[in-house]
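Now for the letters of each chain:
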Amino acid sequence: MSALVLRAGRVSALVERRTAAASLALAAAALLLAFAALCRGDAWDPPGEVLAALAGHGDAALIVQEWRLPRVTAALVFGAALGAAGAVFQNVTRNALGSPDVIGLDAGAYTGVLIVITVFGGSAAGLAAGSLTGGLAAAAAVYALSLRSGLSGMRLVVIGIAVNAMLAAVNNWIVLRAELEVAIAATGWSAGSLNGLDWGELRVPFLVVAALGLLLAALARPMAQAALGDDLAAASGVALNRYRLLVVLTGVGLTATVTSATGPVVFVALAAPQIGRRVAGAAGTPVLPAALTGALLLLAADLAAQTVLAPVQLPVGVVTTVIGGTYLGWLLIMEMRRP
Amino acid sequence: MNDEPVGEAPKESNPEAVAGRLAADRVTLGYGDRVVSAGLSVDIPDRAFTAVVGANACGKSTLLRSFARLLPPAQGRVTFDGRNVRDYRPKSIARQVGFLPQGLVPPDNIAVRQLVARGRYPHQTLLSAWSRDDERAVAAAMAAAGIADLAERPVESLSGGQRQRVWIAMILAQETPYLLLDEPTTFLDITHQYQLLALLARLRDEGRTIVAVLHDINQACRFADHLIAMRSGRVVAAGPPAEIVDTALIKEVFDLSCVIVPDPVAGTPMIVPDAGPG
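From first to last, the protein sequence lines stand for chains L and X.
With the working numbering, the residue at position 294 of the first sequence is 294, and numbering never jumps.
With the working numbering, the residue at position 147 of the second sequence is 147, and numbering never jumps.
Bear in mind the hints are in silico, worked out from the structure with no lab data behind them.
One or more of the hints may lead you astray.
Residues from chain X shown here face chain L by an in silico Cβ test under 7 angstroms; the list is partial [to be verified]:
no., residue
1, 88
2, 101
3, 127
4, 131
Everything numeric in this text was worked out from a predicted model, so none of it was measured.
Note that CB positions come from ideal geometry on N, CA and C, so glycine has one too.
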């Protein structure tokens, strides 16, 4: 059997061996890369020293624990959140292009952030609320515009790309109209960056991502069932309207949480679910491989952002844009060729 | 379950067909402003094989979708045990009534056994996700549909006919006493069509209630205990094929002039078109 049956009393589960092995491998690779990232400063520190620093010993303890560790953890957690959000929307739209960054949810969340910064000044809570509101508004707009043709299919994606472009224009307009110092702060953010994050800023986003992740784990079964199509899902007992509302709120929540902490980081949500499902050899587009791949991708992109033009530190969003743009082009061509 | 015969036995293969637990009560069905059926009442006899027949776009699939809770009636209600099907919890009614729609697309890269296992959804919970019952039902369903040897194959790699049998196995794995199928013989070659209809008849003999939209009126007459003939959203006639099928009915339902002879094998009515339409 290529699947593993787990049973204890009334608790039972079926685990595909290939998916389990691939997930473990992805997690191990992410942890290894995380450790490498912890060693990376202006020069590479010896691993032994970094291990000691993690345990609280040595001169590097402060740097590793307070500077590098939050950034590395943020890359892992936010990457996982983006990958999971991508899987959510690719499942809901039943389309590999239906990811939050492509259909304008990142841009919408960023619009919310910009409005909060320019109009209200912008506390951390305000930014989070603005980001969430903007993401939800963008999701509602895309949904309303594609109601006639249904949630799945290419039409929603094309409408989403249009909404994304309009919101990008709105975002530019807001930045151009803003006071100079506000505009500088906002543009620095617009590429999506993990530079200079500390534990204080990360506590709330991490808690939110963890809570939404748990909710998503509970929604994984109806999500797999919904991949059979609306009719079969509803006829086999999925409460489709409630499921869809919950899962879209969760997906927007994940995207908006990351955006409010880092600015829009594009393409991780687009690419991670597709890479994850191929690595895992899984049926459909499951969340766990997508989340693990997202963590690995964002961390690798952040390492590249710090290394490529060192000592200049690029925003990680620039790196994901460069890699992801190429991938998006290829994916668009493949989708258009599909019968 | 109530097995008492009521009135004269409609057909010897199913002497115990009675007014059923599943019924549509004066439903108005449609999409948006377009009304397909108005004030339609249909009873599905329990433990019988019901075939819904009619020309294209006569509202037969629409009727089936309303029974499957996919199309809420604008007026009237669809009931199970006298209670509106929409008032049941989705999983609890899905353990009673299963539905196989048309035009299904499997998820990418799914293996046959994985797709068949999806039929177990209404029986599973977050914690009990693969019980011994689930395992037994999936194995039995694959055996019944004749696809046990394909278990590990990706569904995408199968032929149209094999795929259709995988979907059938999935709906069998749901193990519902009521089974609704929308043109299940589509994509099957004639051998597999008859195998599927014989399988449905066997399930009926085991006590399940089958409702299938069928394109082939002769197959419907041969295998069904109860025929529902529809035209323009109305039920023109309902009853055992031997009692209701005559040239006038075929003319009215299909606009086809024909002669009717006994099927040389089953003795059921067999429609042979004569001069063609008109």
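Here is how each hint holds up against the structure:
Of the supplied interface hints, the one on residue 88 (chain X) is violated, with its beta-carbon coming no nearer than about 10 angstroms to a beta-carbon of chain L, more than 7 angstroms. Interface restraint check: residue 101 (chain X) against chain L, minimum CB-CB distance 4 angstroms, threshold 7 angstroms, status holds. Taking 7 angstroms as the C-beta contact cut-off toward chain L, the hint placing residue 127 (chain X) at the interface holds, the least distance being around 5 angstroms. At its closest, the beta carbon of residue 131 (chain X) sits 5 angstroms from a beta carbon of chain L; the interface hint therefore holds under the 7 angstroms criterion.
Hint compliance for this structure: hint 1 alone is broken.
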